[in-house]
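Chemist: Residue numbers (the working numbering), protein chains in the order written: chain G, 25 to 287; chain S, 689 to 992; chain P, 52 to 339.
The hints are simulated quantities; they were obtained by calculation from the structure and are not laboratory data. There may be inaccurate statements among the hints.
To be verified - Some but not every residue of chain S turned toward chain P, in silico, with C-beta under 7 Å:
id, residue
1, G722
2, C743
3, S767
4, F779
5, S785
6, L786
7, N787
8, G799
9, A847
10, R848
11, H964
Glycine included, every Cβ here is placed at the ideal spot set by N, Cα and C.
Chain by chain, the residues:
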Amino acid sequence: MTLTISGLKVSIREAEILRGVDLTVSAGHVHGLAGESGSGKTVTGLAVLGLLPHGSRTAGTIDLAGRDLLAMPAKQLNAVRGAEIAMVFQDPATSLHPMVTVGVQLTEHMRHHIGVGRKEARERALGLLAKVRIPSPETAVDRYPHQFSGGMRQRIAIAVALACEPKVLIADEPTTALDVTVQAGILRLLRGLCDDLGLAVLLVTHDLGVMSAVADEVSVMKDGLVVETGPRGQVLTEPRHAYTRALLESLPGDDHKLPQEER
Amino acid sequence: MTLLTIDDLVVEHRTPGRPLVRAVAGASLTVAAGEVVGLVGESGCGKSTLARAVCGLHPAAAGTITVGGHPVTSLGLRSRHRALTGAQMVFQDPYASLNPRRRVGAQIADGLRTADDRTTAPEDLLERVGLPRDFAERFPHEFSGGQRQRIAIARALAARPSLLIGDEPISALDASAQAHVARLMRDLAVESGAGLLFISHDLSVVRLIADRIAVMYLGKIVETGPTAEVWADPKHPYTRALLGAIPIPDGRGVLPTELPGDVPDPADPPSGCRFHPRCPLVMDVCLDREPEFGPVACWLHKPA
Amino acid sequence: MKGSGILGRTRLPEAWRQPLAVAGGVIALAWIVIAVAAPLLAPHDPLAQDLPRLAPPGAGHWFGTDQLGRDILSRIMYGARVSIPLTLLLVVLSVLIGGLLGAAAGYFGRWVGETIMRVADLVFAFPTVILAMVVAAALGASLTNAVLAVLVVAWPSYARVTRGLVLGVREREFVLSGRLLGFSAWRSLRVDVLPNVTGPILVLATLDIGTALLLLSGLSFLGLGAKPPSPEWGAMVASGVDVFDSWWVATFPGLAILTVVLAFNFLGDSLRDALDPRTARAIKERAL
């Protein structure tokens, strides 16, 4: 399934955040979306899921298998969210419900969207935990999020996102809050899942190193527009747009990160 | 001249109802005047605890810390001993490092008072950290994170410290501001003949400014050495894993190497070498005996 | 942005424009004016017993007269000169005593903290009004003693809140920086800690003004506070209970108490909303 964003414009409270974004994410590909803070990369991801703040105005189309997500009524969008598109957020500490066991967080979604029985849901949950390489899924499934490390929690968050077998996964800075060795594991996992499940992955990040490791295509955003897009190798070694070039040159050492929001 | 000597430091942390945790389990480190030492490690390795212990914010359970020849004592209720105000710290959170109710100039003036400096004005220090002089009359909330951090540095430097410690001072900043602030700290510290102990989980910035690097894992320092050497040829398997995990933007689509397993619970560390459960080069001796030597705490690199 | 100081960088204009805050402010201000200008505004001498007794509200005596022929409106106005200053004094003293004790308990901890908190717990163990009554009765019925009685029951709340706030601020990095620079404990407390806990305390105090007034009036109502012929509102309500048919004697003093309490409650609520960064933002956004 391909996700195609065409001419996406988003205004939030009189401020034009996105000014006409074009993007295509194909199945089995990871599309990296890079940009500084204020470039609109996170808003793009939120727009796809219909998670824009109250009072936002949109224009353009977000096409998923022939349907325009922007024009969809809320009820239909709810059905699509989770079942066809899922999101993984940055902070593993707040993206999981702290008072509910991991197992319930996984099965709850499943039973709602797919309608499987309790036993089968649990089997699937165990399978998902194994797929994201959580050790001892049988005991993990009854634990609470705070009993896991940050990296493990992010894996669980990915499992929750995959619970209803979506075709598109949006990952917004999924490894920024993690240690570098833990990040390496999550990146491998994301790439592996993309290849095995044929997911279309939109990876939003400021870290060009992460982009380079995982993405097939890269788009660079500035001030609400995509200024350059192309295969990863080409954009990172032979950038055509001056902005991309400036970014690649402005960073310390050979670890390339883009200026991002102050936390 | 060595300004900071940490010898076999142990710092314990006790939460009621849970077993005792040795956040720092025997670490040794030195910083010389004009030298920048980068202390790196991932979450939970104890680097922040070590930094705070150097200032006396955590009591040492065992081992010694000496700053400028004076043993460091815990920060009690009395005024800090003059000699110990030679160690100043810049903290991680720029939004908590300044008093929101006082003007910035007044806070810098505190540092000047500590150093008995009657000639320098707070505005002079603002200039040194690259901020306009008229900022002295403003309040902290009027500034960005990066600016606040510079003000915190100005305050620390006003006290003419012999040792400046940065506890993840740039982690909460904009990526482009990070390099600038790190370089600023290095330049100002070295200029004044102080030593700088720079703690960070971000290896690329540490690489930029540190003369020597020390790598910490689960409460122990596993490798120390000149930055360029450690970077080019990391010896300890953990250092190798750490450096290998950094993704490089060369466009080649190479996934960084993964370090299997999880960081063990510091309350119950593995026997022998703490890294052995995750080490790709583990040997029998590693399970029994902890390598208590340097500069590389690994049985593969035992000095003759 | 507004300058700093006790209210920090609150968006004062928007928050204060809330209707309840305005109402509260206007009423409180009106009462203060009445209290100050009572001798000029009151139509009659509050102590003079020259009017017809128990006359209902009408011309010449808008709020009626009591059983001794005194004009109730004038007595209410003069009553404001008693109740309002005393209430404000009460709250200020509670804040100072409770706040300082709580700050010491929070900053120094250990046995100092424990002792203070256990004494506070002792006071908390008793129902507020009962304890105030007991203290007032023990000291002897007078307005001064009533104030002392309320002080005794009021300081522990401030102590507890201040201690909690101080514990939170004590560990903030800028406080640690001060200590590293050689601040003494006292300087640290004075310069770094206390100025940063005043916000919530101010809110508590403003909201407390109503409670203090009720307590004070309550003690007077029970005969443990103001002595006749003092035109204190609580005592006036008490005397009106005896002549319940002449409803105006008890009702108007009661309404006076009610309006003052409400006014300060509204002010306190708005102050809290203005100072809490989350609600302040919500107010600002609604205004956009």
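Chemist: Each hint: holds or not?
Modeler: Hint-by-hint comparison with the structure:
Because the beta carbon of S:G722 sits about 22 Å from the nearest beta carbon in chain P, more than 7 Å, this interface hint is broken. The closest approach between the C-beta of S:C743 and any C-beta of chain P is roughly 6 Å, which is under the 7 Å cut-off, so the hint is satisfied. Hint status for S:S767: holds, given a least beta-carbon distance of 4 Å to chain P, under 7 Å. About 4 Å separates the beta-carbon of S:F779 from the nearest beta-carbon of chain P, less than 7 Å, and the hint is met.
A cut of 7 Å between beta carbons decides the hint on S:S785: the least distance to chain P is about 5 Å, and the hint holds. Proximity of S:L786 to chain P holds as hinted, the smallest CB-CB distance being about 5 Å (cut-off 7 Å). A hinted interface residue such as S:N787 counts as satisfied when its beta carbon comes closer than 7 Å to some beta carbon of chain P; here the least separation is about 5 Å, so the hint holds. Because the closest C-beta pair between S:G799 and chain P is about 6 Å apart, less than 7 Å, the hint holds.
Interface hint at S:A847: satisfied, since its Cβ lies 6 Å from the closest Cβ of chain P, which is below the 7 Å cut-off. Hint on S:R848 is violated. Least Cβ distance to chain P is approximately 11 Å, over the 7 Å limit. Below 7 Å, beta-carbon pairs count as interface contacts, and S:H964 has none with chain P, the closest being about 36 Å; its hint is therefore violated.
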